[in-house]
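Undergrad: Here's the letter readout for the chains.
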Amino acid sequence: MSADEFDPFVERLFSRTPPMADAALFTAGVEARLQKGSRFRSLAIVLAGVVGGVVAVRETVNVNVNLGEASEGVVAGQALGQGMQSASIGIQTAVDSALSGLGLNQLELGSVGGMQIFWLAAASVIAVATISVVRLSQEV
Amino acid sequence: MAQARDLALIDRHDVELAALAAAGGRREFGELVRRHGTPVRALLRRMGAQPALADDIAQDAFIQAFQRCGEFRGDGTFAAWIKRIAARLYIKRCVKEARYVDEVTDDEAVHQPHPGDIMDLDEALKTLSEPERLCVSLCHGAGMAHPEIASALNLPLGTVKSHVKRGLDKLRARLQPEPAQNQSAQTLGRAQNVG
Numbered sequence: 001m002s003a004d005e006f007d008p009f010v011e012r013l014f015s016r017t018p019p020m021a022d023a024a025l026f027t028a029g030v031e032a033r034l035q036k037g038s039r040f041r042s043l044a045i046v047l048a049g050v051v052g053g054v055v056a057v058r059e060t061v062n063v064n065v066n067l068g069e070a071s072e073g074v075v076a077g078q079a080l081g082q083g084m085q086s087a088s089i090g091i092q093t094a095v096d097s098a099l100s101g102l103g104l105n106q107l108e109l110g111s112v113g114g115m116q117i118f119w120l121a122a123a124s125v126i127a128v129a130t131i132s133v134v135r136l137s138q139e140v
Numbered sequence: 001m002a003q004a005r006d007l008a009l010i011d012r013h014d015v016e017l018a019a020l021a022a023a024g025g026r027r028e029f030g031e032l033v034r035r036h037g038t039p040v041r042a043l044l045r046r047m048g049a050q051p052a053l054a055d056d057i058a059q060d061a062f063i064q065a066f067q068r069c070g071e072f073r074g075d076g077t078f079a080a081w082i083k084r085i086a087a088r089l090y091i092k093r094c095v096k097e098a099r100y101v102d103e104v105t106d107d108e109a110v111h112q113p114h115p116g117d118i119m120d121l122d123e124a125l126k127t128l129s130e131p132e133r134l135c136v137s138l139c140h141g142a143g144m145a146h147p148e149i150a151s152a153l154n155l156p157l158g159t160v161k162s163h164v165k166r167g168l169d170k171l172r173a174r175l176q177p178e179p180a181q182n183q184s185a186q187t188l189g190r191a192q193n194v195g
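Listed in order, the protein sequences are those of chains W and E.
Heads up, the first sequence is in our numbering, so the first residue is 1 and it goes up one at a time.
Heads up, the second sequence is in our numbering, so the first residue is 1 and it goes up one at a time.
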């Protein structure tokens, strides 16, 4: 066999591989590693989301306090507070009217204050954002 | 239901599966691992890796391939792509551990067959020195060009070419039956038939 014939012959030999008894085990090992990596990524994103949420809440509280103390920002702080309060009242009114339309106006939603609704909404937004990011990262 | 989905995966082409894997499809990538796991492991063993190390590197190669699946455009085959990834990982490991030496050394450790033995490829590769085995496997098993091998191993191109040539010469001697041996076998066969 000449060198020109021998090269493709060797390549054909290389392309033939004997079956391996533990092939399924190997595949399972790779799949387990992929799964593990995905879990770590999800956990890291959830942790980052929680930490970010806590920091955001803390910073928001600090901003309110600072606005109250700083003489220059008092007007802006009051305007912001009033805006938030009126927005929450607006939301509350809209929810009340929707509930009364559905015959659920006996529900004691009125006892929940404007700021409580704001925090609930903020927590919901953080949770939804975290879930969305986790799902997105799993798909990418 | 799951079995039906697995059957659907079996019918799919590698390129399709790779595209789905690039979009995060772990099940589709699992099918690619099922198809190409054994050839990749065999190549690494042929390159000279011990079975356990070969399996570790093959796993790393598949994990890396999953992360880089979007880069696979289907210009070549998936098999060739994953083999190159695995080969490069093995080279990196060899270079890092300084296992690879330029000189053809340790010839005594190389398996010495009896003259005229006809062997399979795996046995024949054991008769090559480590650099020869690595260069021949990279060239004919992983489909890497000589300059690519030289660059990956930090060796002069001429050295790589001579390793490949020497390795092939040895393989040719081991894998091809001697004409004289053929003749004697035929003669023996005829004698038996007559008898």
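Keep in mind that the hints were calculated from the coordinates and are not lab data.
Please read these numbers as outputs of a predicted model, since none were measured by experiment.
A virtual CB, placed ideally from N, CA and C, is assigned to each residue, including glycine.
Please note: incorrect hints may appear among the correct ones.
Okay, the calculated bits of chain E under chain W, using three or more residues with CB under 8 Å as the criterion [unchecked claim]: (1) 15-23; (2) 50-63; (3) 137-148.
Partner residues are not named here, just some residues of chain W that face chain E (Cβ under 8 Å, in silico) [unchecked claim]: (4) Phe-14; (5) Ala-23; (6) Glu-31; (7) Asp-96; (8) Ala-123; (9) Ile-126.
Which residues of chain E face chain W? A partial, calculated answer using Cβ under 8 Å [unchecked claim]: (10) Gly-30; (11) Gly-74; (12) Phe-78; (13) Ile-91; (14) Cys-94; (15) Val-95; (16) Arg-166.
Undergrad: Give a verdict on every hint.
TA: Evaluated hints:
For the stretch 15-23 of chain E, the proposed coverage by chain W is not satisfied: 1 residues have a C-beta within less than 8 Å of a C-beta in that chain, short of the threshold of three. Check on the stretch 50-63 of chain E: 5 of its residues sit with their Cβ under 8 Å from a Cβ of chain W, so the three-residue criterion for coverage holds. A stretch counts as covered by a chain when three or more of its residues have a beta carbon under 8 Å from one of that chain; for the stretch 137-148 of chain E and chain W the count is 3, and the coverage holds. The interface hint given for W:Phe-14 holds, since its Cβ lies 4 Å from the closest Cβ of chain E, which is under the 8 Å cut-off.
Against a cut-off of 8 Å between C-beta atoms, the interface hint on W:Ala-23 holds, since the closest Cβ of chain E lies about 5 Å away. For W:Glu-31, the suggested interface contact is upheld, since its CB lies about 5 Å from the closest CB of chain E, less than 8 Å. Annotation: W:Asp-96 was flagged as interfacial toward chain E, and the flag is violated, the nearest CB pair being 43 Å apart, outside 8 Å. Hint status for W:Ala-123 relative to chain E: violated, with the closest Cβ pair at about 29 Å, above 8 Å.
With a cut of 8 Å, the hint placing W:Ile-126 at the interface with chain E is violated, because the nearest CB-to-CB distance is about 24 Å. Residue-level restraint check for E:Gly-30 holds (minimum Cβ-Cβ distance to chain W is 5 Å; threshold 8 Å). At its closest, the beta carbon of E:Gly-74 sits 19 Å from a beta carbon of chain W; the interface hint therefore is violated under the 8 Å criterion. Checking E:Phe-78 against chain W by beta carbon gives a least distance of about 14 Å; that is not within 8 Å, so the hint is violated.
Given the 8 Å rule on beta carbons, the hint for E:Ile-91 is violated: about 17 Å separates it from the nearest Cβ of chain W. Of the supplied interface hints, the one on E:Cys-94 is violated, with its beta-carbon coming no nearer than about 19 Å to a beta-carbon of chain W, more than 8 Å. With its C-beta approaching chain W no nearer than about 23 Å, E:Val-95 sits outside the 8 Å limit, and its interface hint is violated. Residue-level restraint check for E:Arg-166 is violated (minimum Cβ-Cβ distance to chain W is 13 Å; threshold 8 Å).
Hints 1, 7, 8, 9, 11, 12, 13, 14, 15, 16 from the list above are not met by this structure, while the remaining hints are.
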